[in-house]
Amino acid sequence: MSMTRRTMLSVSAASLAAPYFFTRSAQAAGPIKVGVLFSLTGGLSIIEKSLRDATMMAIAEVNAAGGVGGRQIEAIVEDGASDPKTYNEKASKLVIRDKCVTVFGSYTSASRKAVLPVFEKRKNLYVYPTFYEGFECSKNVIYTNAVPNQQLSNFIPWISKTLGKKKFFIVGSNYVYPREMAKVSKILIQQQGGEYVADEYLELGDSEWGSMVNKIKNSGCDAVISNVVGDSIVAFYREFKNQGLSQDKIPICASVTSEIEIAAMGPEYAAGSYSSFPYLMAIDTDANKSFIERYRKFVNDPKAVTHSPLQSAYMGVFLWKQACEKAGELEPLAIRDAFKGQEMDAPIGRVKIDGENLHTYLTPRIAQWGADGQGKIVDEYKEPLRPLPYAAYGETADNLFCKESGLDSSKLKL
Amino acid sequence: MQATKLRLNLAVYLIFIACILLAPMFLEEFALNRLAKFLVFGMLGVAIALSWGYAGILNLGQGLFFGLGAYMLGMSLKLASPTSMAQGSDTPVPDFMLWNAEPGSKTDLCCINGGSWLWIPFQSHWFGILMGMALPTLVAFGLGTVVFRKRIAGVFVSVITLACVLLVRLLIVDAQPLTNGWNGLTDLGVLTIGETEFDPYSATTYYLVAISLSVTLILGRLLTETRSGMILQAIRDDYNRARYLGFEVSSFQVFFFCASALIAGYAGMLYVIVAEFASPSFMELSFSITMVVWAAVGGRGSLIGACIGALLINVIETSVSETPALVEAWKVIIGLIFVLVVLFMPQGIAGLASSVTDRALERFSGRAARLRQADSQHQPAE
Amino acid sequence: MVDTLFIGLSVGSVLLLVALGLAITYGAMGVINMAHGEMVMLGAYTTVMTSTWLGLGIWWSLPIAFVVTALVGLLIERLIIRRLYGRLLDTLLATWGVAILIQQMIRLEFGLSFFGIHIQGLGPGLQNMSIPDVLAGTINIFGAEFNKYRVFMILVCALMTGVTWFIMYKTSVGMQVRAIIRNARMAAACGIDVKRVNALTFAFGSGLAGVAGVLMAGFKTVFPDMSTPMVVDGFLVVVVGGIGSLIGSILAAGLLGQVNALVAWGHNDVIARAVVFAVVILTIVLKPNGLFAYKRR
Numbered sequence: 180m181s182m183t184r185r186t187m188l189s190v191s192a193a194s195l196a197a198p199y200f201f202t203r204s205a206q207a208a209g210p211i212k213v214g215v216l217f218s219l220t221g222g223l224s225i226i227e228k229s230l231r232d233a234t235m236m237a238i239a240e241v242n243a244a245g246g247v248g249g250r251q252i253e254a255i256v257e258d259g260a261s262d263p264k265t266y267n268e269k270a271s272k273l274v275i276r277d278k279c280v281t282v283f284g285s286y287t288s289a290s291r292k293a294v295l296p297v298f299e300k301r302k303n304l305y306v307y308p309t310f311y312e313g314f315e316c317s318k319n320v321i322y323t324n325a326v327p328n329q330q331l332s333n334f335i336p337w338i339s340k341t342l343g344k345k346k347f348f349i350v351g352s353n354y355v356y357p358r359e360m361a362k363v364s365k366i367l368i369q370q371q372g373g374e375y376v377a378d379e380y381l382e383l384g385d386s387e388w389g390s391m392v393n394k395i396k397n398s399g400c401d402a403v404i405s406n407v408v409g410d411s412i413v414a415f416y417r418e419f420k421n422q423g424l425s426q427d428k429i430p431i432c433a434s435v436t437s438e439i440e441i442a443a444m445g446p447e448y449a450a451g452s453y454s455s456f457p458y459l460m461a462i463d464t465d466a467n468k469s470f471i472e473r474y475r476k477f478v479n480d481p482k483a484v485t486h487s488p489l490q491s492a493y494m495g496v497f498l499w500k501q502a503c504e505k506a507g508e509l510e511p512l513a514i515r516d517a518f519k520g521q522e523m524d525a526p527i528g529r530v531k532i533d534g535e536n537l538h539t540y541l542t543p544r545i546a547q548w549g550a551d552g553q554g555k556i557v558d559e560y561k562e563p564l565r566p567l568p569y570a571a572y573g574e575t576a577d578n579l580f581c582k583e584s585g586l587d588s589s590k591l592k593l
Numbered sequence: 127m128q129a130t131k132l133r134l135n136l137a138v139y140l141i142f143i144a145c146i147l148l149a150p151m152f153l154e155e156f157a158l159n160r161l162a163k164f165l166v167f168g169m170l171g172v173a174i175a176l177s178w179g180y181a182g183i184l185n186l187g188q189g190l191f192f193g194l195g196a197y198m199l200g201m202s203l204k205l206a207s208p209t210s211m212a213q214g215s216d217t218p219v220p221d222f223m224l225w226n227a228e229p230g231s232k233t234d235l236c237c238i239n240g241g242s243w244l245w246i247p248f249q250s251h252w253f254g255i256l257m258g259m260a261l262p263t264l265v266a267f268g269l270g271t272v273v274f275r276k277r278i279a280g281v282f283v284s285v286i287t288l289a290c291v292l293l294v295r296l297l298i299v300d301a302q303p304l305t306n307g308w309n310g311l312t313d314l315g316v317l318t319i320g321e322t323e324f325d326p327y328s329a330t331t332y333y334l335v336a337i338s339l340s341v342t343l344i345l346g347r348l349l350t351e352t353r354s355g356m357i358l359q360a361i362r363d364d365y366n367r368a369r370y371l372g373f374e375v376s377s378f379q380v381f382f383f384c385a386s387a388l389i390a391g392y393a394g395m396l397y398v399i400v401a402e403f404a405s406p407s408f409m410e411l412s413f414s415i416t417m418v419v420w421a422a423v424g425g426r427g428s429l430i431g432a433c434i435g436a437l438l439i440n441v442i443e444t445s446v447s448e449t450p451a452l453v454e455a456w457k458v459i460i461g462l463i464f465v466l467v468v469l470f471m472p473q474g475i476a477g478l479a480s481s482v483t484d485r486a487l488e489r490f491s492g493r494a495a496r497l498r499q500a501d502s503q504h505q506p507a508e
Numbered sequence: 016m017v018d019t020l021f022i023g024l025s026v027g028s029v030l031l032l033v034a035l036g037l038a039i040t041y042g043a044m045g046v047i048n049m050a051h052g053e054m055v056m057l058g059a060y061t062t063v064m065t066s067t068w069l070g071l072g073i074w075w076s077l078p079i080a081f082v083v084t085a086l087v088g089l090l091i092e093r094l095i096i097r098r099l100y101g102r103l104l105d106t107l108l109a110t111w112g113v114a115i116l117i118q119q120m121i122r123l124e125f126g127l128s129f130f131g132i133h134i135q136g137l138g139p140g141l142q143n144m145s146i147p148d149v150l151a152g153t154i155n156i157f158g159a160e161f162n163k164y165r166v167f168m169i170l171v172c173a174l175m176t177g178v179t180w181f182i183m184y185k186t187s188v189g190m191q192v193r194a195i196i197r198n199a200r201m202a203a204a205c206g207i208d209v210k211r212v213n214a215l216t217f218a219f220g221s222g223l224a225g226v227a228g229v230l231m232a233g234f235k236t237v238f239p240d241m242s243t244p245m246v247v248d249g250f251l252v253v254v255v256g257g258i259g260s261l262i263g264s265i266l267a268a269g270l271l272g273q274v275n276a277l278v279a280w281g282h283n284d285v286i287a288r289a290v291v292f293a294v295v296i297l298t299i300v301l302k303p304n305g306l307f308a309y310k311r312r
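Those sequence lines, one after another, are chains S, A and G.
Just so you know, we're using this note's numbering here: the first sequence kicks off at 180 and counts up by one.
Just so you know, we're using this note's numbering here: the second sequence kicks off at 127 and counts up by one.
Just so you know, we're using this note's numbering here: the third sequence kicks off at 16 and counts up by one.
Isolated chain S (complex conformation) (with noise of 0.2 Å):
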């Protein structure tokens, strides 16, 4: 495996001839540096804890097997800190003081945000784990979990048919995400012959949910769509089921309520609703039975739980090092060149990189929940679905908008 060292020293502007040998001779066998990025402080760490652990996990096991190309990968861990600002200073820390040649990280978009002018002007490449609402064509991120119509396109018609469903109340936390996912709810809803009764938002973190259920109560609806985000989740199912609401007659189909919410607020309050996700610790293959058993034996904790951003963190260390084998050099946008088309089977099943939009093609899944805190896989899409981060804004697997060239926005219709 030949790999050239030209990585170290393209970003670096300062450096002079001499020490370019030194590195290169010095570096040829040591380990590759790569950044992880997420909060282990502050109020995101619930969830990005499990991202990171899941990703050093990755990391270790690919150290384990021989690395990458006979190179062992060495992780620079910071932490974010739930707080853009201090995102945007560890990334630029990094991207530029440590020279990773990738970092893994994020949670939310708000922090994919602030960090991207650092990826984009350094020409770095930023692995992104977490299901979010499109609308976004950088050519310095993969991203490795769903955008909105790999979440909703089977999610709604399947609510409208099979559970006969024909009036929504769409409820979310107050941002871009959870509006993103109503506007594509909206779209399908009306293909469907559906209505929409009313379209709520509450504020991020706020967890009083009494008036918001009092107006599903009286709003005449039978299904609710929730992009609720977080800790209010819990109390949200909690209130639902305390004011008299059952998921039989009235059920709450989310988009973000996973398998570490459904701990939480204890089964019994989600037994019968829905969630939609490419992934669930439901799936039934050896692959994710053991991905489990190990992740959990990783963090030491026989009840750990794996949700879909957790698989993706871990999916993504090794898609980055099938591309780093294929590219042959650690340069991060020969790297992001040689993502294109990568294919790999995870404990998801098959996954592959689009090579227009560095998007992932997975398989849309509808689980109901039990009263075991267990989901049941009620549907699946026969085939990974194509990645359409402007699905709202009428793109098509035939009307691509963002393409490898970038986005081509006089396509975009309001």
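Take the hints with a grain of salt, since some may be wrong.
[Claimed, not checked] A partial selection of chain S residues facing chain A, derived with a Cβ cut-off under 10 Å: (1) Ile-255; (2) Val-256; (3) Ala-260; (4) Thr-287; (5) Ala-289; (6) Ala-293; (7) Val-376; (8) Leu-383.
[To be verified] With a straight-line Cα cutoff of 30 Å, these simulated DSS-like cross-link-like pairs (lysine-lysine) come out: (9) S:Lys-300 to S:Lys-555; (10) S:Lys-428 to G:Lys-163; (11) S:Lys-346 to G:Lys-302; (12) G:Lys-163 to S:Lys-396; (13) A:Lys-232 to S:Lys-590; (14) S:Lys-362 to A:Lys-232; (15) S:Lys-212 to S:Lys-365; (16) S:Lys-365 to A:Lys-232; (17) G:Lys-163 to A:Lys-276; (18) A:Lys-232 to S:Lys-318; (19) S:Lys-212 to S:Lys-505; (20) A:Lys-232 to S:Lys-582.
The hints are simulated quantities; they were obtained by calculation from the structure and are not laboratory data.
Every residue, glycine too, gets a C-beta built ideally from N, C-alpha and C.
With chain S's structure known, arrange chains A and G on it following the hints.
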């Protein structure tokens, strides 16, 4: 002795300013950018010290002014970004406006969504800069006039400012079509004035920040030495006495409240230049309280003390949080520092330095006196 | 409409539960305890721990959490608050540091996570506290359906307020506390052991927060910074109500709760919160000492 102290104080200012101006000779680009961010925080420390230390107004919502300054310049820079330029319309249009657009509306700043016309003047960087200073000052003027005319003081001022910053943050997050809500303004262009580009990692930008801070320090120090500065301190020390002496107390308070807001707004603009984004997190309560802690650590009664306090805490924070063994525990250490400083160094570093110099001067002048005494005793013996 | 008023009442009672302890410590001792929210959080964690490790339900958690948080409060008073009397704003900063410390200790499982030891019920994640069947679902009162858990919260809140009132106005300790609120030095001159009474007051205030934490655990979710927004809300209630005034806090909590519920019902939740902040600002501007100022002498 007072004169010696004043000279020493002046020396500290000069040494500090010399240090920050010479820093680019020793630092690589990343360290320079990081230091620039810290200097911006130092400027916030100065703003807090001015209102808290000199006027006795503990503002728990300083983030409001910082955030407003940041958003004003951020809007200008957002319109200057390549993405906003390339929307195929006559005016640049921020990308997030497209996804918040009213269906079927024209892609143009005038009418893409309700209120987007407010952005039109921000196409000029000068307008953004002007607003970045004017808006925080105006808001502070309005707020200050109401609060200080009503003779609201102490903790009640803190609560009002706190409620204000939370209220504005809520509104900014809610007005997503205009502000991009929670995600804030990102993907910004580079500020260009004339031929000069302020790239965040360049020495030019660093100098902009360092010189701004130096000027702020000097002007702030001069301001506190003026008559109005003296009156202000009299108000802080005894509100009623100052009032009975016939001073229009509230106007002095409003003036210094505005000055503090102006500095914070200006710091917000500088932060947008060095960090390349503006976000509602600037208006989170924890950030505003953190600023106050910087000033407390540095010494609330001293402008330069508060500035150094901000720098110091940030240096400690980054170096502790970037030590691999402490990456999860650094907040414990920061929390401990806060508690210990408040308990054992009530006047902060500046207070400590001041009492140390006092003692040294006393000892020095004491020894000099003793020597003189010894001399005079010797002389008759000769 | 009855629904909305009921929700307003329950929102107000949640606010009051958090604010009650703050009102006492702030009024009597001149301490702005930013770590008060962390006491709520500790109360919630006590509930989680007693149910996972001892198998005890919410009924037992109420007194246990009260005792645990009261003891922690006593410790904080001894170590920190005692040194800061008379320095109102310094107490705010020091307790802010304490809040960061407590949060991070829970997250790091008191440092054990460094040794790879994991304690069920601690750590950075979300914790689960199940509530007994008696409190789940709805109850029918005069033909209207009410959320049982909220009814329970309102009752506990009323009970705690009653107990606080009784202690403050019917016991000798309470009389001493009221004397200190009026004029601490005169109280000391009359032979009241101000230090001891203050320590007890702080412990009692913390204990009340602990009880609030138990109720929160069954209502929201339990995680290390669950209470950061609560302390701000509690603080606003105290200031609007008038420092040192029990009745003021009760009315302010009721007012803000109803404003929140009514606006949320008419418009939406985000506007409701904005209106609450606006009401707070207006109240202070119009009545600078709060709705019910307690006269100090």
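Status of the hints after comparison with the structure:
With a least beta-carbon distance of about 8 Å to chain A, the hint placing S:Ile-255 at the interface is held under the 10 Å criterion. The beta carbon of S:Val-256 is positioned within 10 Å of a beta carbon in chain A (closest approach about 6 Å), and the interface hint is therefore held. About 8 Å separates the beta-carbon of S:Ala-260 from the nearest beta-carbon of chain A, less than 10 Å, and the hint is met. The beta carbon of S:Thr-287 comes within 8 Å of a beta carbon in chain A, closer than 10 Å, and the hint placing it at the interface holds.
Below 10 Å, beta-carbon pairs count as interface contacts, and S:Ala-289 has one with chain A at about 5 Å; its hint therefore holds. Using the Cβ-Cβ criterion of 10 Å, the hint placing S:Ala-293 at the interface with chain A is satisfied: the shortest such distance is roughly 5 Å. Interface restraint check: S:Val-376 against chain A, minimum CB-CB distance 19 Å, threshold 10 Å, status violated. Interface restraint check: S:Leu-383 against chain A, minimum CB-CB distance 7 Å, threshold 10 Å, status holds.
Between S:Lys-300 and S:Lys-555, the direct Cα distance comes to roughly 44 Å. Violation of the 30 Å bound is thereby established for this hinted pair. A distance of roughly 20 Å separates the Cα atoms of S:Lys-428 and G:Lys-163; the hinted pair therefore holds under the 30 Å criterion. For a cut-off of 30 Å, the pair hint linking S:Lys-346 to G:Lys-302 is broken: about 47 Å separates their Cα positions. A distance of roughly 16 Å separates the Cα atoms of G:Lys-163 and S:Lys-396; the hinted pair therefore holds under the 30 Å criterion.
For the suggested pair A:Lys-232 and S:Lys-590, the alpha carbons sit about 14 Å apart, so the restraint of at most 30 Å is met. Restraint check for S:Lys-362 and A:Lys-232: satisfied, since their Cα atoms lie roughly 19 Å apart, inside the 30 Å limit. The hinted pair formed by S:Lys-212 and S:Lys-365 fails the criterion: a straight-line CA distance of about 44 Å is larger than 30 Å. For the given pair, S:Lys-365 sits about 22 Å from A:Lys-232 by alpha-carbon distance, which is consistent with the 30 Å threshold.
For the given pair, G:Lys-163 sits about 45 Å from A:Lys-276 by alpha-carbon distance, which is inconsistent with the 30 Å threshold. For the given pair, A:Lys-232 sits about 28 Å from S:Lys-318 by alpha-carbon distance, which is consistent with the 30 Å threshold. Restraint check for S:Lys-212 and S:Lys-505: the C-alpha separation of about 18 Å stays at or below 30 Å, so the hint holds. For the hint pairing A:Lys-232 with S:Lys-582, the CA-to-CA distance comes to about 24 Å; that is within 30 Å, so the pair holds.
Violated hints, in rising order: 7, 9, 11, 15 and 17; the structure is consistent with all others.
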